[in-house]
Amino acid sequence: MAKQKTAAATASSKKDRDAATEKKIVVLATDVAKRSLGGREPIVRVPTRAKSNTIWNKKKGILQMGDGAQERQLFNLGQAKSFMQTMLHSSSIKDLIGAEKTLSLRGMFYKGLHTVAGTKEKTFADQDESDGILEDLEVSLGALREELHIFAKKAGTMVGNITIIDSGDEIDCRRMGSGGYAIPSIVEPDVIKFKKCDAKFVLHVEKNTVWSRFNEDRFWEKHNCILTEGGGQPPRGVRRLLRRLNEELGLPVYCLLDCDPWGHYIYSVIKQGSISLAFESERLAIPEAKYLGIRASDYRACGLTDDVQIALNDTDIKRAREIAAYPWFEGHKGWQREIEGLLNNGFKMEVESLITKDISYVTETYVPERLKKKDWLD
Amino acid sequence: MAAKEAVAMAEPKKKSVAPRADAESMAARQRDISVSEFFAKNRHLLGFDNPRKAMLTTVKEAVDNSLDACEEAGILPEIAVIVEDLEPGRPATAKSSRYRVTIIDNGPGIVRKQVENIFGRLLYGSKFHRLKMSRGQQGIGISAAGMYGLITTGRPMTIFTKPKAGQPTHHIELAMNTKTNRAEVNFDKEVKEFPPKRFRDLTPGTRALAEQGGFLTESEFPTGTSVSIELDGKYQRGRGSVDEFLELTAIANPHARFVFVPPSRVTEDEEPDVLAAAEAGAAAKATVTTETNGVIVYPRGVQELPPETKEIQPHPKGIELGILLQMLKDYELAEKGGTLYNFLQERFCRVSASTASSMCDAIGVSSRAKAGDIEPPQAEKLYKVFQESKLAPPPTDCLAPIGVRQMLAGMLKGVRAEFYAASSREAEVYRGRPFQIEAAIAFGGELPGDETARVIRFANRVPLLFQQSACSSFKAVVETAWKNYNLSQPRGTLPVGPLVIMIHMASVWVPFTSESKEAIADYDEIRKEMKLALMECGRKLGTYLRKRQKMRREGERRDVFERYIGEIAKAINAITGDDPKAIYEALLKQAKSRTAVADQLLDEDGKVVKEDLAETDDEGVLIIPDAIAPAVAAATSTPLAPLDLDGKAKAASKRGARKAAEPKAAAAPKRAAKPEPESAARTELRARAAKAAGRGKAGGEDGARLF
Ligand SMILES: Nc1ncnc2c1ncn2[C@@H]1O[C@H](COP(=O)(O)OP(=O)(O)OP(=O)(O)O)[C@@H](O)[C@H]1O
Ligand SMILES: [Mg+2]
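Protein sequence lines, in the order shown, are assigned to chains R and U. Here my numbering runs 159 ahead of the position in the first sequence, where the first position is 1. Here my numbering runs 25 ahead of the position in the second sequence, where the first position is 1.
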């Protein structure tokens, strides 16, 4: 399964990719039709998106999806409705491809929504049901979300020394004002092309508030870089763009995240991929990404006060231990020490905590010093 | 106000000093009280507490007698109950009114010289002095009813009786003299006609029924008796009514046919009824009656009479010391010098010659000793010996249980349910008297689901309508753990659900709690048997309910699958262009075969049973598949409109369309073709089921059968 994934990335033209996706849908539906007419139970194979079916590829340094799959059956009380929904969405996607249009997840929910013929029951109870079916379809068909003509809402921002072309419009990311360029969910080469890049690296920060601090101080200009933000765990569009900047333009990616299990997890997702999107790791993961901070030792190193401490609760502690046990962190001395430091501190620290030193401490002192000293985790 | 009065009353009052009575003056007032006088004053003891109950008791006493007489004479009972309204113009608020109650039977009739004794004397009858199973036992019933009529209206009883086919009918009118406990005959004539013709012309309904040969046809009454009593009463439907009595009597006596002609006017005022309030419970209205112009016919369910019962001698363990003394006296009177040895063998059951001589030894008298010479202390010794002796229990051929088949047939015609189970216990003994307990239950169908179960009680085939909670059977029902059989039962109460529970006690002497024969006394032996019988029925019901649940689940499953198949067919068509109708039908076929259980009927062991009714010859359980209430199915599935797969798949969705029109059981194995509550198919089914149930021997060991 995992092998199919890259096919999309390398497919040259949009037309070819659409034809390939459409074919996959027809194959799936034809199989159901054949089984039905032949008196066999109609099923759809859905590769399992769970930790149990996720493989750590040490050589590539990324998470990959295993071969485990479930059969979605029509004649199973718990699955009958999702089976029907799978067929409905398949047919909707075929429509979209034919009409050369894209829809948001919400749009797809509405496209599939109607009353089941002869009943008062709706085809989808809510958008969550619909979203779940679409995620399953991605893996079942082995097609990417954008190949299914579906986009997610924009949830990332970029500025910096780079000029891109987005759907034919040239965008100079040096002139984005205070708001920045909104990273779309589909950033494949046929949508976004890199025209001219002077930047030497990418600084990715966790949240919009921190990003604004850096942008206001025009950090990207002073340090000749690209500054991105992903609103917490970065959506695929942001991750894919970071990956392209890294892969195609050779820019190193540094992450500035909170010193807490959530921050560590975000780094892990950017670097190795996530369980739910393991099948896309090859296009999304950035094994070279570096963790710049905040570090547990910074409390002392930067001379922070008690005020910035946010106590670890039980879930945090549990989460931290889980992360320490991730195979890619397990044998990593630096990370083991880092997580231990967090647990020993007994508290979390946000990037914003550096503001207690000085408003621009993080942009003028913290990050430049770390970069200079190459003081990061990797 | 009342409180003040009470205080005033409590204060000692000065009494005017009257000369106290002495033995002499009291002696002047001491005299014989006739039984009739006693009962005239204590009419509640006999069930004549109020006008409504008096009406019922009158009908009941006469009907009991008719059934007893018919059975004893080996005649299939044909009984008419006619209530005439004699004051149709009374104001609507009247508490009571005058009625004439007439009961006509095709029994053996009564010989002329006995008429006065039977109808004009209390405590005169043929059933008191014997140990034989019958409805009447005390010799009070019909004369008490006549007496009540006389007291309230001043009118005598009218009797027509024809004891011999082809011979004249006696037409007698008599009134009881309560002082002398003797009848006074006002009118005595021989007439030709029987039954009295005028009843056939009473109402348009009776006329219509008579024309069809269904009412008082002369040829069906070669002999018989007609009793009319005028009384002050009240006719009202509902609990404790004549209607309920007849409905239940018909259930317990499927071999009898009843025609009921109710009065032209029914008392409408639903004033808080003492009776109804006292007898709280589920009022499951259920009768398979046909009604023509107000005349109600309770058809005959089976063609065999209950087996003839034998009279038995008392069992030594079942008598009291006083009775023993009396029996010894009676024996001496009858046999003049008869020996104790012979007395023991002749007047008791289960006493053999050797037992008799060892009993004589035990009390230290020779077997030659005369019964008349036995002194009370010796009798007392004998009584003790009786208690300690190891005797076989009394014979049970004196009992005529209703029988499993007959109970099922009776319930089937009286209660519209989906499931029926019956069980008949072996005979047992209480206080030396044999008795036998039977139980039956009806579940589901048209019975109300959210009320407490209705308990219908019978003693010797007579329904017991009052004092339910004082009755041993009621306690037995409450003590049975119905939860074990998938029913809900709040602690210490009757189970709740669409359930009718029938309990029957057959005995040579039913221990009633009072003369009005309303509740069975609570003997441990009796209650235990009742519980065992109920448990047997309960187990069958529990098994059935579990099976039904499974069928229902499968039905729901199919519903779910069928619901989505149309959508799937359309979606595939949009992607691949395959024919949606072909895919729809292929998937529907799969759905059906995967949920085939929903179409099956299962026996108690979960095996699939053939649906052929005609092959039924087992007993114990009856199931009316068509009656299975769709409670669960209807609640979960939304009404379906016809599916429209581009107008092609309509034929396949007929079922959905029907569901929209009539929420019938998804799991009902045989779906009714018609939406009427009692479809022709169902009536036919009932008829066949009744026939099947009625065939074969009565009361054999019960098996289980579903069809
Ligand atoms: N319809 C009838 N046909 C023939 N014989 C009858 C009929 N009605 C009454 N008898 C005879 O009259 C007798 C007296 O009846 P009655 O109802 O007064 O007492 P019972 O039935 O013996 O006892 P109970 O008081 O328990 O009803 C009966 O025992 C029976 O022999
Ligand atoms: Mg009687």
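Warning: the hint list may mix true and false statements.
[Stated by the list, open to error] In silico lysine-lysine, DSS-like type, Cα no more than 25 Å apart, as pairs:
(1) K279(R) <-> K617(U)
(2) K260(R) <-> K355(R)
(3) K508(U) <-> K606(U)
(4) K614(U) <-> K342(U)
(5) K193(R) <-> K508(U)
(6) K492(R) <-> K533(R)
(7) K516(R) <-> K492(R)
(8) K174(R) <-> K352(R)
(9) K342(U) <-> K354(U)
(10) K617(U) <-> K281(R)
(11) K183(R) <-> K381(R)
(12) K173(R) <-> K183(R)
(13) K395(U) <-> K152(U)
(14) K606(U) <-> K270(R)
(15) K335(U) <-> K281(R)
(16) K516(R) <-> K366(R)
(17) K531(R) <-> K449(R)
(18) K614(U) <-> K193(R)
(19) K313(R) <-> K352(R)
(20) K279(R) <-> K222(U)
(21) K173(R) <-> K354(R)
(22) K449(R) <-> K173(R)
(23) K152(U) <-> K182(R)
(24) K193(R) <-> K606(U)
(25) K366(R) <-> K174(R)
(26) K606(U) <-> K183(R)
(27) K614(U) <-> K279(R)
By construction, these hints were calculated from the structure, which means they are not laboratory data. Owing to the predicted nature of the structure, the values given are computational and were not obtained by experimental measurement.
Outcome of the hint check:
{"no.": "1", "hint": "K279(R) <-> K617(U)", "result": "22 Å, holds"}
{"no.": "2", "hint": "K260(R) <-> K355(R)", "result": "29 Å, violated"}
{"no.": "3", "hint": "K508(U) <-> K606(U)", "result": "47 Å, violated"}
{"no.": "4", "hint": "K614(U) <-> K342(U)", "result": "69 Å, violated"}
{"no.": "5", "hint": "K193(R) <-> K508(U)", "result": "49 Å, violated"}
{"no.": "6", "hint": "K492(R) <-> K533(R)", "result": "17 Å, holds"}
{"no.": "7", "hint": "K516(R) <-> K492(R)", "result": "30 Å, violated"}
{"no.": "8", "hint": "K174(R) <-> K352(R)", "result": "18 Å, holds"}
{"no.": "9", "hint": "K342(U) <-> K354(U)", "result": "19 Å, holds"}
{"no.": "10", "hint": "K617(U) <-> K281(R)", "result": "24 Å, holds"}
{"no.": "11", "hint": "K183(R) <-> K381(R)", "result": "49 Å, violated"}
{"no.": "12", "hint": "K173(R) <-> K183(R)", "result": "15 Å, holds"}
{"no.": "13", "hint": "K395(U) <-> K152(U)", "result": "29 Å, violated"}
{"no.": "14", "hint": "K606(U) <-> K270(R)", "result": "24 Å, holds"}
{"no.": "15", "hint": "K335(U) <-> K281(R)", "result": "71 Å, violated"}
{"no.": "16", "hint": "K516(R) <-> K366(R)", "result": "19 Å, holds"}
{"no.": "17", "hint": "K531(R) <-> K449(R)", "result": "14 Å, holds"}
{"no.": "18", "hint": "K614(U) <-> K193(R)", "result": "15 Å, holds"}
{"no.": "19", "hint": "K313(R) <-> K352(R)", "result": "18 Å, holds"}
{"no.": "20", "hint": "K279(R) <-> K222(U)", "result": "64 Å, violated"}
{"no.": "21", "hint": "K173(R) <-> K354(R)", "result": "20 Å, holds"}
{"no.": "22", "hint": "K449(R) <-> K173(R)", "result": "33 Å, violated"}
{"no.": "23", "hint": "K152(U) <-> K182(R)", "result": "94 Å, violated"}
{"no.": "24", "hint": "K193(R) <-> K606(U)", "result": "14 Å, holds"}
{"no.": "25", "hint": "K366(R) <-> K174(R)", "result": "36 Å, violated"}
{"no.": "26", "hint": "K606(U) <-> K183(R)", "result": "24 Å, holds"}
{"no.": "27", "hint": "K614(U) <-> K279(R)", "result": "24 Å, holds"}
In terms of the numbered hints stated before, the structure departs from hints 2, 3, 4, 5, 7, 11, 13, 15, 20, 22, 23 and 25, listed from lowest to highest.
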